Each structure stands twice: as structure tokens, then as C-alpha cells.
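J.: Taken in sequence, the protein lines are chains A and B. Numbered according to the working numbering, the first sequence spans residues 1 to 130. Numbered according to the working numbering, the second sequence spans residues 1001 to 1314.
Calculated directly from the structure, the hints in this document are not laboratory data. Values in this document were obtained by computation on a predicted structure and should not be read as measured data. One should not assume that every hint holds.
[Claimed, not checked] Some chain A residues judged to face chain B by a derived CB distance under 8 Å, without partners named:
1. 5
2. 7
3. 55
4. 59
5. 65
6. 86
[Unchecked claim] Covered stretches of chain B (chain A as the covering partner; in silico rule of three or more C-beta atoms under 8 Å from a C-beta of chain A):
7. 1041-1053
8. 1162-1168
9. 1287-1296
Each residue gets a CB set at the ideal place from its N, CA and C atoms; glycine is no exception.
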Amino acid sequence: MKLYRLLWVVLVTGAIFVPTYVNAEGLVTGRYLQETGKEVAIELEISSPPPPLVIVIQNLPQGIKIVASDPEMKTYDPGTGEAKWLLSNVASGKMRISLQIDRPVKKGEISGEIRFRNEAGQMASIALKN
Amino acid sequence: MNDGAQHNSLMVRIDGARVKELRERQGLTQLYMATAVGVTTETISRWENRRYPSIMRENAAKLAEALEVELPEIIENDSEAETDVTPEQPAPLPPNKPTLSPRLKRHLSVILLVALMLVVLQAVRYYSQLSSPTITVSANRILPPHVPPGQPFPVVITVESSEPVSFSLLLKENLPPGCEPLTAKPKFTSADKKGGQLKWVTRLEGARKVFAYMVKASLAPLNSELIFIGRILAGTMAGTSPDIRGDNRVRIANFHWADRNRDHRIDDEEILIVYDLFSDLDGFDINRDLIDEIWAAGGYVWDSDTGRYVVVKP
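Chain A with its partners taken away, still in its complex shape (with noise of 0.2 Å):
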């Protein structure tokens, strides 16, 4: 039995320093800053090095008019409420997005996600954390 002991420990052993590679998923986050009233502003946390492009999506309440952003997004859709950025050479570190809209907004009324391409090269989608 100890041999097989022996045998366990150098496969464990092994395998831990034997090389593998690891998804990173986790190349850009965002949480909301401000989620209620009529500011909304969002916070993104980017790695290093930071993705070539990443796509946030801001689901707003259908009908609302969107008075100002920054930065300035790349499309919005009163009819579904969805507002698109399309962010690309962006720093790794953080990076707020504001908007103001033109009619309060309570909270879990709106929602978003982000998009880039992961090291592995899939689209990753990230949910905006409250």
C-alpha cells in the first residue's frame, strides 16, 4: 500500500506543477454606481491588458428618453429601452459611464451587461453587479 501511496502523491504532485491553462473570464467587471432616479452610472474594472473592445448594454425601461451620456453611447432603442457602447483602446483600471434620462428610474428597474472576447477567444458576457 505504500507504493500506491507514493504513486498518488507524485501524480498530485505532478499535476499540480505540470502546466495548464486557465479561462479568464474575469478581463472586465462592472458594477452600478448609481441604479435609481434619474442619474444612472456604471463603473467598469478593467484588467490588463485591457480587451481591444468591450460592449456594455444598459436596459432601460421602454419609452424612456436618454438626455445625455458619457461617453457617448453608439445606439439606443426608445422602443426596447436598450442602450449600446461600443468602447474600444479603452485603459485597463476603471471607467465610468453616466447617463441621464429623462424620467426617474427605481431600483431593479434596469439592468445591463458587458461584452468582450476572452483570452480564450469566446465572447464573454458579464452581468452589471447592483
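Go by the hints and put chain B onto chain A.
T.: Same frame as chain A, now just chain B:
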């Protein structure tokens, strides 16, 4: 006579009652004694309950050791002895301990050895790559799956070395008939528009270099295929000229080259692929504004009369 004398010297008479007394005084069990001597508990019990059993000297010595006394203390002195003729049974395997059958043990050994070999091979392969003196260079081409007639489209060739190097590189690309090269990054060293051959003579510094060029096929009819062939020659590969691997065909069809699934949209995944592919090529014009516009609008159609994309909202 000699056999008898020899046998007698191997056998001694012990005082079974004394053994029992010593054992109980020290709080030892018959099982403990049996394990120490290497016999069964029945044998221990028999020795203790017979007056002066005759047992093997070796076993008597083990008894004394287990009882932490000298051998003479448990050996009978002068009374008549009762010879224990019952064979001293060896101790059985410890109870309640699971045992593996020989067949299962063999299978388990084989599995463990194979797993160990795989781990060792993987480790050897990894660590040998770190110190391998052999450098290999390869080139991979990425083409869009389709493009409308006469529309420019990008071709990306990535040259990679197995480790960082610094040597000269010759890249040759043969364009399909009727294809016209437009722009390139880095610039072509030579572009024979008539013969359809492109060349780059440059250096590979590091482990990776990306070449990209825009090309259009003005004369290729709808549903035809364009076939690309190319080779590389790197400084260390004397006498060899590997082919460029990866994509080598583009179909002429009424879909934007970035619309990989032909649904007349450039969706999130498709635009992410475009940006990922060209992120290292600042200044290389792939008409990104049009791609962004199609993505934002949600759709497009190809107007074959005007030879242009028309952005539409679905």
C-alpha cells in the same frame, strides 16, 4: 538422537500461568500478544491455559519481549511440561481491514503507472520546449468566409516562431487570378499586380509578426471561390519553405466579410472578432466605420446594382 537434541534446543517450556499473570498485570490482551509473537489468539490462549506448554524458543523469546521481561522469567524451571503439539498457527490478517484482490491490485498499479507516465511526459515536453535548441517558424492565414463581388476584404497572415528570434523573413503570397492588392501593413516589398504575387522581405524580431493586406476581386463571379497560396522562408530554415497554413478560400457571395453567419447583421460576437483580429494593426484601414454602423443599425443589405452595402434597421 541428534535430531531429538536439535528439536529440544529449539523448544522450551514456558509457564503458561506466569505468562497470563504478566499479561493481565500489564493490561495486555491476548490479541496483542498474538500479534507480537505472530500466532493466533487461540494459540496464546492454549499456552496460557496449559500448565507448561512446550513452544518454539523463538516464540518464547517474542513472548518475553512483549511482556517486557527476560526469557528465563517465563520459562518453566523444573516441573513436568506438557508439550504443545498443536502447530503454532501464524497470525491471520488483521480483522476488518479491506483487502484488494491481486487482480484489482494489478489494474490499479497499471492505471497509476499510466497516469504517472502521462504526467511525466507532459512535464518533459513542457520543460524541453523551454530549452529546445530547435526553432520552428510557421505562418497562418485568416480569410473571411465570403465577400461580395468587387468588394475589398482583409487578409491576415500571422508568422510565429517557437521562441523569440531575430532573423530575416521572406513571405510570398500568390493571389487568385483577377485579384488586385490594395494596401498592406507592413507595406509590400513588391506587388506584381499582373502576376498576382506579393512579397515581403523583412525581419522577424521576437516571436510573432502580423501581416495584413486588403485585396479585391473585381472579376470573380458570384458563387466562385478565390484560392490563396503562400510560403514563408525564415533565416534558420535553410532549404525549407513551408506553406502558409490556415484559411485559403473565400467565396464570392452577397454578404459583408464580417457577417460570418450570413444573417445580414454584424452582431456582438462578429464585431468582437473584427476588433480582436485587427487590434495589432493600428492605421490599417478595414472601413471600421461601416462595420460599426452596420452593427449599431442592426442590419444591412448588399445592393448589387450600385455595388454598395446599404445599412438598414431590421
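J.: Hint by hint, note whether the structure agrees.
T.: Taking the hints in turn, this is what the structure says about them:
no.	hint	result
1	5	10 Å, violated
2	7	4 Å, holds
3	55	5 Å, holds
4	59	14 Å, violated
5	65	18 Å, violated
6	86	6 Å, holds
7	1041-1053	violated (count 0)
8	1162-1168	violated (count 0)
9	1287-1296	holds (count 3)
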